[in-house]
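S.K.: So you can see what is in the structure, the chains are spelled out below.
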Amino acid sequence: MHGLVNRCIEAFLRNTYGSATWQQVAAEADVHPDGFLTWESSPDSITHAIVLASARRLDKSVGELLEDVGAWLSRQEQIRRLLRFGGANFQEFVESLRELPGRIHLVIPDLEFPGFTVLSDAPGRYRIIAEPHQPGLMRVLAGMLRVMADDYGSLAVISVVRDRIDIDVVLPDYSSKRGFELSPKRAQI
Amino acid sequence: MHLMVDRAGVMVSRGKTLAKVLGSASRLEDAFIPANNLGHRIRFEELFPQLGCGRRVFLQLRDHGGVSLRGHGVHLSPDMAMLNLGFGIYLSSAVQKFELNDSDFPPSDLAMEFLFLHEANRAALLELSRVNTSLEGARESAQILSITDPLTGLLNRRGFDVVFSKAFEARNRNPFALVHLDLDHFKEVNDRFGHAAGDRVLVTVASVLASGVRSGDRVCRIGGDEFLILIFSDRPEEDAMNVCTRMIHQIMAAKTYPCRITASMGVAVSGNRRITHQHQLFEMADAALYQAKLAGKGRVVLWTDPGG
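Residue numbers (full-length UniProt numbering), protein chains in the order written: chain V, 1 to 189; chain P, 1 to 308.
A couple of the hints might just be wrong.
[As the list claims (entries may be wrong)] Calculated lysine to any residue pairs in the SDA-like style (CA-CA distance at most 20 angstroms, straight line):
#1 Lys-97(P) <-> Ser-183(V)
#2 Lys-166(P) <-> Glu-99(P)
#3 Lys-177(V) <-> Glu-99(P)
#4 Lys-293(P) <-> Asp-182(P)
#5 Lys-97(P) <-> Ala-122(V)
#6 Lys-297(P) <-> Asp-234(P)
#7 Lys-16(P) <-> Arg-122(P)
#8 Lys-16(P) <-> Leu-73(V)
#9 Lys-97(P) <-> Arg-57(V)
#10 Lys-20(P) <-> Ser-183(V)
#11 Lys-97(P) <-> Arg-81(V)
[Stated by the list, open to error] Here are some of the chain V residues that sit facing chain P, going by a computed Cβ distance under 8 angstroms:
#12 Gln-78
#13 Arg-103
#14 Leu-182
#15 Pro-184
Quick caveat, the hints were computed from the structure, so don't treat them as lab data.
Computed from a predicted structure; not experimentally measured.
The beta-carbon is built from N, C-alpha and C at its ideal position, and this holds for glycine as well.
Extracted from the complex, chain V is given alone in its bound form:
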């Protein structure tokens, strides 16, 4: 797994539950308590150990934990902004998700991001299917989608079943959108 994935889980734990929680998880998963410094790829077993230890520590299921990681990630202003480049409204955003692996590849070429297919059988109804089988990724993505639906001010029902996400956009303009200026400087003031 790319070092950034481990780093993301570490940052999520430190940021949400404090560094002490991270250190307990690190001790249980047998990784260095200073965390992940480099982008060096590491065996998937390390990522799995951290995820399992975190879920146990926080008394959540692995699925819940991964959804929380996705939600936390999308709430980081820099990431939120990058995601908002995907489209002008939530539907456009969902439709542009199939470009996400390409976008990630542009910035961090060695991050092997698994692909997924976005299907739509009716306006506002979408189904995302992981390819290959990646149930963990779908959980993270579902967490991200929930936060982004709020961010775009849309009311959507999002459900995850193993490696599949179903999205039903009930009210596209349910509440007001959060601001998104193309220029980051204005947005940060």
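Mind docking chain P on chain V? Use the hints.
M.R.: Below, chain P without anything else, positioned relative to chain V:
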């Protein structure tokens, strides 16, 4: 972004996004300073006939010097030309200055991808520089640890060698005295009272030495009950002998020992012109220390040339 302009320099028609940039300007030269491909200013009369020759056109915004548009043009008729302009490398500042959003760019335009990449790269760089900062911090503390004696917090031999080499190179400008200190009968403390008691004695002696020198001077524990001290002074003999005499008394006067503790010291100064190698100074300090031990311990001896 399109811009239609006639031979007289009047902007006849402009695209929606360009309209945001141009405001109420009606003549091309009211809004822009035209330039050639080398960036030199040219007049509109020179620019107009060049359109359609395949050359690039550069238009610097008069009111926003930081933004320059570039593009190319064709003649629709002898009196009318059409230009296609873009923000080029100034896209980010233009987006900020004119509050542009994604509907200001046609779907085929790469503006959004450019801005996305710009921001994504910045985020990646920020993460990398966070990593660099913490690696730098780790390197620094590892370096400090590697030159520190863990028991007393003084320099260890490795750290002292670095400091001593620098001092030796600069000995003509900054003369100094090298002091070699050895506790008397220290082995008995360990044997009679145990190593923990011995360690407490060493810590006490270390703190007497560290507080007995000035801030530029250096104290080092080279191992066991042996210490080295560098005392920088323009009169190294005199100052070192004063400092050492005072420290010997302070070491004896400390009350935390299980038994009586005294120290012997040998002093050598850097001023002697015959000294050409670092080890000579160590040997002189060592010889003086030996003299101090022979003369009854608990005292400081300054090295003197046995021949002269």
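S.K.: Taking 20 angstroms as the top limit, are the C-alpha atoms of Lys-20(P) and Ser-183(V) close enough?
M.R.: holds (16 angstroms)
S.K.: For the pair supplied as a hint, Lys-97(P) and Arg-57(V), confirm whether the alpha-carbon distance does not exceed 20 angstroms.
M.R.: Roughly 49 angstroms separates the two Cα atoms, so the pair is violated.
S.K.: Check whether the Cα positions of Lys-97(P) and Ala-122(V) lie no farther apart than 20 angstroms.
M.R.: violated (40 angstroms)
S.K.: Any CB of chain P closer than 8 angstroms to the CB of Arg-103(V)?
M.R.: holds (7 angstroms)
S.K.: Would the pair Lys-16(P) and Arg-122(P) pass a check requiring their Cα atoms to be no farther apart than 20 angstroms?
M.R.: Distance of about 30 angstroms is beyond 20 angstroms: violated.
S.K.: Can the restraint linking Lys-177(V) and Glu-99(P) be considered satisfied, given a maximum Cα separation of 20 angstroms?
M.R.: With a Cα-Cα distance of about 18 angstroms, the restraint between Lys-177(V) and Glu-99(P) holds, given a limit of 20 angstroms.
S.K.: Take a quick look at whether Lys-297(P) and Asp-234(P) sit within 20 angstroms of each other, Cα to Cα.
M.R.: violated (28 angstroms)
S.K.: Holds or violated: are the alpha carbons of Lys-293(P) and Asp-182(P) at most 20 angstroms from each other?
M.R.: holds (9 angstroms)
S.K.: Would the hint linking Lys-166(P) and Glu-99(P) be met if the CA-CA limit is 20 angstroms?
M.R.: The hint is violated at about 59 angstroms.
S.K.: Under the criterion that the straight-line Cα-Cα distance not exceed 20 angstroms, is the pair Lys-97(P), Ser-183(V) satisfied?
M.R.: Holds. Lys-97(P) to Ser-183(V) sits at ~9 angstroms (cutoff 20 angstroms).
S.K.: For a C-alpha distance cap of 20 angstroms, please report whether Lys-16(P) and Leu-73(V) respect it.
M.R.: violated (36 angstroms)
S.K.: Using the nearest Cβ pair, does Pro-184(V) come within less than 8 angstroms of chain P?
M.R.: holds (6 angstroms)
Consistency note: the structure conflicts with the earlier hints numbered 2, 5, 6, 7, 8, 9.
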